[in-house]
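Q: Here are the chains, one letter per residue:
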Amino acid sequence: MGKLKIVFNGILKENPVLVLVLGTCPVLAVSVSVAGALGMGIAATFVLIGSNAVISALRKIIPSNVRIPCYITVIATFVTIVMMLIKAFVPSLYAALGVYLPLIVVNCIILGRAEMFAAKNKMLDSILDGIGMGLGFTLIIVIMASIRELLGEGSWFGVSIIPEEYTIGVMTRSPGGFLTYGLLMAALAAILAKKGKKPLKFSTSNGCADCPVASACNGSHECEEGAE
Amino acid sequence: MTKLLSVAPAPHIRSKKTTNLIMLDVIIALLPVVVASGILFGLNALVLIAVSVAGCVLSEYLWCRLMKKPQCVQDLSAVVTGILIALNVPASLPIWQVLFGDVVAIIIVKQLFGGIGYNFVNPALAARVVMGLSFPASMTSYTYPAGTLEGMSGATPLSSIDALSNATPEAATHLGKYADLFSLFIGRHGGVLGETCALAILIGGIYLIIRGIIKPIIPLSFLATTFLLHYAFGSIAPLHAILSGGILLGAVFMATDYTTSPYTDKGKLVFGVGCGILTAVIRTYTNTHEGVTYSILIMNLLVPYINKLTRKKPYGGAAK
Chain G
1 MGKLKIVFNG
11 ILKENPVLVL
21 VLGTCPVLAV
31 SVSVAGALGM
41 GIAATFVLIG
51 SNAVISALRK
61 IIPSNVRIPC
71 YITVIATFVT
81 IVMMLIKAFV
91 PSLYAALGVY
101 LPLIVVNCII
111 LGRAEMFAAK
121 NKMLDSILDG
131 IGMGLGFTLI
141 IVIMASIREL
151 LGEGSWFGVS
161 IIPEEYTIGV
171 MTRSPGGFLT
181 YGLLMAALAA
191 ILAKKGKKPL
201 KFSTSNGCAD
211 CPVASACNGS
221 HECEEGAE
Chain X
1 MTKLLSVAPA
11 PHIRSKKTTN
21 LIMLDVIIAL
31 LPVVVASGIL
41 FGLNALVLIA
51 VSVAGCVLSE
61 YLWCRLMKKP
71 QCVQDLSAVV
81 TGILIALNVP
91 ASLPIWQVLF
101 GDVVAIIIVK
111 QLFGGIGYNF
121 VNPALAARVV
131 MGLSFPASMT
141 SYTYPAGTLE
151 GMSGATPLSS
161 IDALSNATPE
171 AATHLGKYAD
181 LFSLFIGRHG
191 GVLGETCALA
201 ILIGGIYLII
211 RGIIKPIIPL
221 SFLATTFLLH
231 YAFGSIAPLH
241 AILSGGILLG
251 AVFMATDYTT
261 SPYTDKGKLV
271 FGVGCGILTA
281 VIRTYTNTHE
291 GVTYSILIMN
301 LLVPYINKLT
311 RKKPYGGAAK
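Sequence lines, in order, name chains G and X.
Counted from 1, the first sequence has number 79 at position 79 by my numbering; the numbering is strictly sequential.
Counted from 1, the second sequence has number 140 at position 140 by my numbering; the numbering is strictly sequential.
Source of the hints: derived by calculation from the structure; they are not laboratory data.
Fair warning: there could be bad hints in the mix.
[Unchecked claim] Per label pair, the in silico range of CB-to-CB distance:
| id | chain 1 | residue 1 | chain 2 | residue 2 | range |
| --- | --- | --- | --- | --- | --- |
| 1 | X | Lys308 | G | Val66 | 24 to 34 Å |
| 2 | X | Asn20 | G | Ala187 | 48 to 58 Å |
| 3 | X | Asn20 | G | Gly182 | 25 to 35 Å |
| 4 | X | Ile95 | G | Gly2 | 25 to 35 Å |
[As the list claims (entries may be wrong)] Distance condition first, Cα-Cα at most 27 Å in a straight line; then the derived DSS-like pairs of lysine-lysine:
| id | chain 1 | residue 1 | chain 2 | residue 2 |
| --- | --- | --- | --- | --- |
| 5 | X | Lys215 | G | Lys194 |
| 6 | X | Lys308 | X | Lys266 |
| 7 | G | Lys13 | G | Lys194 |
| 8 | X | Lys215 | X | Lys313 |
| 9 | X | Lys308 | X | Lys215 |
| 10 | G | Lys13 | G | Lys3 |
| 11 | G | Lys120 | G | Lys60 |
| 12 | G | Lys3 | G | Lys120 |
| 13 | X | Lys69 | G | Lys194 |
| 14 | G | Lys122 | G | Lys5 |
| 15 | X | Lys313 | X | Lys266 |
| 16 | X | Lys215 | G | Lys195 |
| 17 | X | Lys68 | G | Lys13 |
| 18 | X | Lys68 | G | Lys195 |
Positions of the beta carbon are idealized from the N, C-alpha and C atoms, including for glycine.
Isolated chain X (complex conformation) (with noise of 0.2 Å):
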């Protein structure tokens, strides 16, 4: 016997991930997406995402220096909430809206609420639908790339689609004509900063899962939901439908926050259907074009609710 079998309390299962080494790896993921927007929108689009990011951290900063509180910036966590704000809201909106959307993020929805690992809903997400309330008009007044599709132009994708369909009911079979998807792909389109590059969010998805800092449970029946719902509605054509508005950005990098999500693989699988029938049903029912927003908020607050229900019962354990 070479070797003595170690005896030591639980947990027995070590890792060397940390929040910190997490984070990092969620902003290396976030790159490609930050590089995208850059090269589509231009120059503003990185100063907003520098001056949210700054935004965010100095909020962390000042919050924790003046409650009195261990410091928590190091964390990183403000530095990915930062990003995802920027990538929620236009590339022509003022600087100052951004920056009440970072203190809203951090302050009201993270740190009143306990900080990091407390907050109830998705910090960047409740920032985006605040900041939507209160700037109506800069929040929708979308900037086009160059190259922007000929009758793609009205707004995003999604509304022009809503626009077309209710010109036509045949308009909807004739999307193809409008929106080429390899266009929707590489991001050639009205939009936030985040949302419109298919492609950089799928390479930073995909660097996440590799990683294991996300398991692919959440964006995939996120996806295939809405895909199937679309499919079935026939008001949108579903490829469009998932390459089109917020769903991706959201299902990769929004919907697999570790605070907002289930714990288990059932629980996610529950919480990703339901964002997914939400999403469908908003933007096909309401008369909001976009609904990955909301039906991912929803979806945070039933969170608790699904870890309950989803528990995994001990071996041996009691049946009920």
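Next up, chain G with everything else stripped away, as it sits in the complex (with noise of 0.2 Å):
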């Protein structure tokens, strides 16, 4: 696989939001606001690529039967690491992140790529695997609170653009959180099937040739152990 093609996956193909629906969580609540989004993104990506390069490299050394917690307390240092920048230096988008920041630890993307990227390949690959992730999950949120916070709130980056007696106050609440996710998602889709690929779907009645993590499974068949 080219190197290149690790980081792109995670943007269009792979998004980490879009098609994988991991991460909806910070997703859903830390959209509001186009600052936030941003100061999320980046916090998550920084997490990402720092512990999908360790756990990459300790791959080897970590047994199976503990992985999870192994991986946890990687992920739960980097994740101190972002809260102690974070906190110091930008203490305004700390406050305005509150408990999202910490819930990193259990976002979704960093310990499924941990599981199923970093624990299968290499250290290099691992880190451009983190990038493009990273970079895919930053870019939704960020389209996501660009188009909630101009609609709800009038404003973008906090500049005032749309006078406030014609904001939709439903933007920038839950309903216009799913709202926006689930449009996105249609158009994500149809760009994607535009290009004459399939809508991509976890799926084992197909075999291997529709899941968008083939790749990183390597034809291990996991997906079908549990059956949930």
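Fit the two chains together into the complex; they arrive one by one in their own frames, and the hints show the way.
A: Next comes the structure, spelled out in structure tokens:
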């Protein structure tokens, strides 16, 4: 697999938010303002790159029985670093993100990429995967926040654009978040379909052919074990 | 033997009813309400209704056009949705906010779920909720028709009643003094466009029942349940309760929507009673004055289950 392809996979074809549907909680909760969303995206990207690198380096040492606690420990370390940095240098962002900053520990994208990619690939590839997935996450959360802040608050990045009497209040509330999320998912599916690719789904009915994470699991058929 | 027995595959019962004709009948039934809102709230009301219809029809037309779907705008359902949305907003609502409601109803609630017959809740009511969340100020600034009752000008009759019964527990029993039933019946009080004039809604409802477009089960069970529960709770005088607020409009025109109400008579009864219970409970025990919108929407979501549980068993079919 080409190095560049690993990075770009995370942005479109395997976009963590819109295609893999991971990390929905921060995406829905933090995408009310562009500034907060950008901060969240950068923080999560940093944690993702760091945890991918360390977990990939340790992949032969970590016993598979206790791999999840090991991953969580590594991820929590990086989240703590990020929290301390943000608290020290950007206290306003620290206040804006609130509980969602420590919650990066349980962000499914990070744990998911550790399990799906970093535990099986070399360190450089894992770092590239972290960059790609982080960019994909940041891109979507910023796009969502732009739509919601513009329509709901009439501003973008805090700069007022639409007069207040023409704002649509529902967009800054949770229904607006779900609505924007669904519409963006549909839009990406349409873009991928136009390129001649099938709409991506987690499905074992067609073997690994349709599965967006097939390249990561190397046909190990782990997805069939649980059969949840 | 003069007549040959004709043998044909099902369906054997034929009807001339088409979606078009049904929708045309609903529009005719809505005309008295439209006229009443014009008389009560002035030209502004008619402008809102016209804009809303245009907005819905245009959204539907453009969606079918852009998505390359068979054009469905001629089935008139968008016109009905447009009228109903306008009847659910106060007369002073800015035009663009109504248009936003139209787009939400037609594109998001109806077309994204598959178009007519597939909408999961009533599009007009969903639009009302979205508009209520988006524009809380303008959606609740009611205007008052000329000759509005004194003491009723605070807001809609329901919120006046709420305010009164909050002030003193006895106030509820003196309601007759503040809201005489005749004024409530002909619509001389604050509220959204279509809900104030009970007389016009009843004329429309009776027309729909005579034409066989709706069965009276849902409206009657809805109203009867609300009436009885208000009587039992003692919160609002029962007759005032069903003459004020959106309950008549909801019971006659919203709860009876084909797609979002159950198929069988038994199911319709469950649906109507459920709407009635929710309305009375929301009005009495929560801090919103009006519960009709949410009660119908909640029951809309339960319709698939009601249908499943009240399905008729084929004669001689399995017991289960």
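Q: State for each hint whether it applies.
A: Hint check:
Lysine 308 of chain X and valine 66 of chain G have their C-beta atoms about 46 Å apart, which leaves the hinted 24 to 34 Å range violated. Between asparagine 20 of chain X and alanine 187 of chain G the C-beta distance comes to about 34 Å, which lies outside the given range of 48 to 58 Å. A beta carbon spacing of about 32 Å between asparagine 20 of chain X and glycine 182 of chain G agrees with the range 25 to 35 Å that was offered as a hint. Here the CB-CB span from isoleucine 95 of chain X to glycine 2 of chain G is close to 54 Å, at odds with the stated 25 to 35 Å.
For a cut-off of 27 Å, the pair hint linking lysine 215 of chain X to lysine 194 of chain G is broken: about 47 Å separates their Cα positions. Between the alpha carbons of lysine 308 of chain X and lysine 266 of chain X the distance comes to roughly 11 Å, so the proposed pair stays at or under 27 Å and holds. Between lysine 13 of chain G and lysine 194 of chain G, the direct Cα distance comes to roughly 13 Å. Compliance with the 27 Å bound is thereby established for this hinted pair. With a C-alpha separation of about 21 Å, the suggested pairing of lysine 215 of chain X with lysine 313 of chain X holds against the 27 Å cut-off.
As the CA atoms of lysine 308 of chain X and lysine 215 of chain X are separated by approximately 20 Å, the hinted pair is consistent with the 27 Å bound. The hinted pair formed by lysine 13 of chain G and lysine 3 of chain G meets the criterion: a straight-line CA distance of about 15 Å does not exceed 27 Å. Proximity of lysine 120 of chain G to lysine 60 of chain G is assessed by CA-CA distance (about 9 Å); at most 27 Å being required, the pair is judged to hold. For the hint pairing lysine 3 of chain G with lysine 120 of chain G, the CA-to-CA distance comes to about 15 Å; that is within 27 Å, so the pair holds.
Between lysine 69 of chain X and lysine 194 of chain G, the direct Cα distance comes to roughly 17 Å. Compliance with the 27 Å bound is thereby established for this hinted pair. Restraint check: the Cα-Cα separation between lysine 122 of chain G and lysine 5 of chain G comes to about 15 Å, which is no more than 27 Å; the hinted pair holds. Distance hint between lysine 313 of chain X and lysine 266 of chain X is fulfilled; the C-alpha atoms sit about 13 Å from each other, no more than 27 Å. Under the criterion of a C-alpha separation no larger than 27 Å, the hint pairing lysine 215 of chain X with lysine 195 of chain G is inconsistent with the structure, at around 50 Å.
Of the supplied pair hints, the one linking lysine 68 of chain X and lysine 13 of chain G holds, its CA atoms being roughly 26 Å apart against a limit of 27 Å. Taking the CA atoms of lysine 68 of chain X and lysine 195 of chain G, the gap is near 19 Å; set against the 27 Å cutoff, the hint holds.
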